[in-house]
Amino acid sequence: MSDQTPLLPPAVIELLDVALVGELTVIDESGVPITYPLIPLSDGNVIYLTSSVLFSRKLRHIKANPKVCFSLSDPVAIPVQPFHRATIQGDARVVEDDVHDGWERLLPMWRAKEPAIDFFLKKRFGIPLFFERSVIEITPQRVLWWEDGRASQPARVYELAGVS
Amino acid sequence: MAALEVAEALRRAGSYPHAVLAYVGADGYPVNIAVEFTESVDGALVDVGPLDQDLRPGPGQEVELTFSHIRPQPGVGYDERRYVNLWGPSTPAGDGLRVAVRRASGWDEAETPFFEYAERGVPAGRDYLDELGARPRLSGLWTVFLATRLPFLTATLIPVGLGGVVAARDNAFHTLWFVLALVAAIAVHLGLNMANDIFDDANGADAANVTPTPFSGGSRVLQYGLVKRRTMIGGCAALYAVSIGLGLYLAAERGWGLVGIGAVGVALSLAYSAPPLRLVHRGLGEPVTALGFGPVMAVGTYFACAGRWSWQPVLASIPVALLIALVLYVNQIPDRIGDAAAGKRTLIVRFSPGQVQAGYAAGVAGAYLCIVAEVAAGVTPAWTLLALATFPLAWRVRNGLRAHYESPYALMPTMQSNILLHLLTGLLLVIGYVIAVVS
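Chains as they are written, first to last, in this note's numbering: chain H, 1 to 164; chain A, 165 to 603.
Excised from the complex, chain H in its bound form (with noise of 0.2 angstroms):
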C-alpha cells in the first residue's frame, strides 16, 4: 500500500516525539550499510540528529552518500501504547557552519528527552571536543510504517513528495 502525501504521518510525528533512540544507517565508502543509535529530535518535517566531532564517521559517509534511513523500532526507547514501528528514508545534510554554537538550536529538544545534557553541558570545560557539533538534517522521502510494528507484515509506504 503507497500513500502520497505532503508531510510526515502522524503516527510517526509521535514516533519521532518520544523515541529516545532510534537507528540512523549511512552507507559507508565501500557502499554497505552502517548503523548508529542516535537521539531523534524533529519539528515534524525534518529529522535532526546531532554528533560529536569526536564520532566524526558517520558524518563524512553522509558527505559522501546523503542517502540515509531511519528507524523508529525499539520499544524500550519508544514508550507508545499500542505499539507501532516507522523507517524513514530520506536525504541528509551535515550543517556545521558553526560546530561551537550552532547546534545549541537544538537543546530545547534534546533536552526535553535527555535532561541530563544539562549537566553535561555545564561540565563542558571538562568535555570541549564532545560540545563541538555538527547537525545532521533528514529530509524525509519516504516512510514505511507497521500499524503492529511487525516486519513480517507489509508496511504501510507513505511518499513524501514537498516535505521541506
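These are computed hints drawn from the structure, not numbers from a lab.
You may find that some hints are simply not true.
Some chain A residues close to chain H (C-beta under 10 angstroms, calculated; not the full set) [claimed, not checked]:
| # | residue |
| --- | --- |
| 1 | Pro194 |
| 2 | Asp216 |
| 3 | Ser269 |
| 4 | Asp291 |
Here are the in silico distance ranges between beta carbons for each label pair [stated by the list, open to error]:
| # | chain 1 | residue 1 | chain 2 | residue 2 | range |
| --- | --- | --- | --- | --- | --- |
| 5 | A | Gly518 | H | Asp43 | 46 to 52 angstroms |
| 6 | H | Arg60 | A | Tyr413 | 55 to 61 angstroms |
| 7 | H | Lys122 | A | Gly421 | 46 to 52 angstroms |
| 8 | H | Gln81 | A | Asp294 | 20 to 26 angstroms |
Straight-line distance between alpha carbons at most 25 angstroms, and here's what the computed SDA-like set of lysine to any residue pairs gives [said to hold, decoys possible]:
| # | chain 1 | residue 1 | chain 2 | residue 2 |
| --- | --- | --- | --- | --- |
| 9 | H | Lys123 | A | Thr276 |
| 10 | H | Lys122 | A | Phe309 |
| 11 | H | Lys67 | A | Leu296 |
| 12 | H | Lys63 | A | Glu200 |
| 13 | H | Lys123 | A | Val374 |
| 14 | H | Lys122 | A | Ala529 |
A quick note: this is a predicted structure, and the numbers were derived from the prediction, not measured.
For every residue, glycine included, the Cβ atom is placed at its ideal position computed from N, Cα and C.
Based on these hints, arrange chain A on the given structure of chain H.
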C-alpha cells in the same frame, strides 16, 4: 565503535532485546527494519525473520545487523548504552534470511566508559575540526583555569601558609614579604603545571592516556587543541619569569640566601618532567614533589618573612610534604597505562597494586606519626595535633584504593578525598600554629 571478534560479537548479540537489519535498497537508499533473530555462535550465523517478501535484500547482498540496548531513566535520559554491529552476506532462508557474519564492531559503556570512549575519539575529532578550519573554543577564563590547573594551587597555599605561621610564632611574620613569597610560589607552581603538560605532550604520555580525570592525565588543553603549544610555552615562561623576578627582588631585600632556595625550587620544578633528568620518569616524582611543595616552599616563605634560616619550617612542613607526595602518587594510578606506554616509569608503574596500597598506608602513617612526634619533641605546638582529625579521610582513601584501583572513573572520589586530606591536614596544622601564636 571498536572492532570485535565475530564469535564474541555473536555471544553479545544473543543478549540483546532489539535488532535492526540494514541493507542498501535498489533505489540506493538504505533500508533498516526491526527484526526477530536467532544467532548461532559456532556457525557465525544469524537467522533473521520472518520478513515480508518486499523487505528482503537480494540473494548474496551484504547486510548489516545492529543489536542495541538502552535503559530509560525518567527525568535523566537513559543509560546502559551498548550495541553490536555485524556484517556479512545474506541468503534467503525460509520466510526470512540467513546472514553469514564476517566482521563485527560495537561499544558497551560498561566496558569502555563514555568518557574513555570520547577520549579515544580525540585524534579523529581534531582531524575533523582541522578539515573544517574550526577550532574548539572555551572562554579565556576557563582556558586559563584548565591550562594552569588552578585548583591544584592548594598544594602551594598550604606549605606557604605553614612558612608564614612558623614565622609568626617566631615573631617574624611580615605581610608584604609573605604576600610576595606567596605570589612567587604560585607563579612557579602554575609554570610547573604548564611545563609538565608541555613535556608530557612532547613525550606522548598525555596522548597515550585515554582515561584522564579532573585529577589526572594533565590539563588536556594541548591534546584538545584549546591552546597552541607556542602559547603554552610562552605562558609557562612568563610565569617562571614572574617567579624568578619576585624571588630576586625578595633576595635583594631579605637576604641572598633566598636565591639558593628559589634556585632549588625552580630546578626541581623543571627537572621533574624536563629532559635530560625527567625525574618523574625515573620514579622520583614523589620525593621531588615532597621537597618542592614541603620544605622548599615553607622555608622560602619563612626566610622571606624572617630574613634568616630556621629548621622550624622544614620540620613543620614534613607532614604536608608526605601528603602532597601521596596526592601525586594516587593521581598517577589512572595514568599508569599511558605513562608506561610513554616510558614514564613512575612508582605506580613500577609497583603492583598491593605495593601501591601498602605504600600509601606507609606514607599516611608517616605523616601522622610525624605530627605526633614533633609535638612530643616540643618542635611544633600541641594544637597541631588537631590535624589528626583528618584520619577518617585517610581511611576513606585507603578503602577507595582497594575498591576502585582498576577503574579510573570510580577512583575519582578517592582522588578527591586524598586531595582534601592534604588540604585539611595542612589547614589544621596552620590553625594549630595560629592558636598557639594568639593564645
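#### Entry: Violating hint indices (sorted, rising)
5, 8, 12, 14
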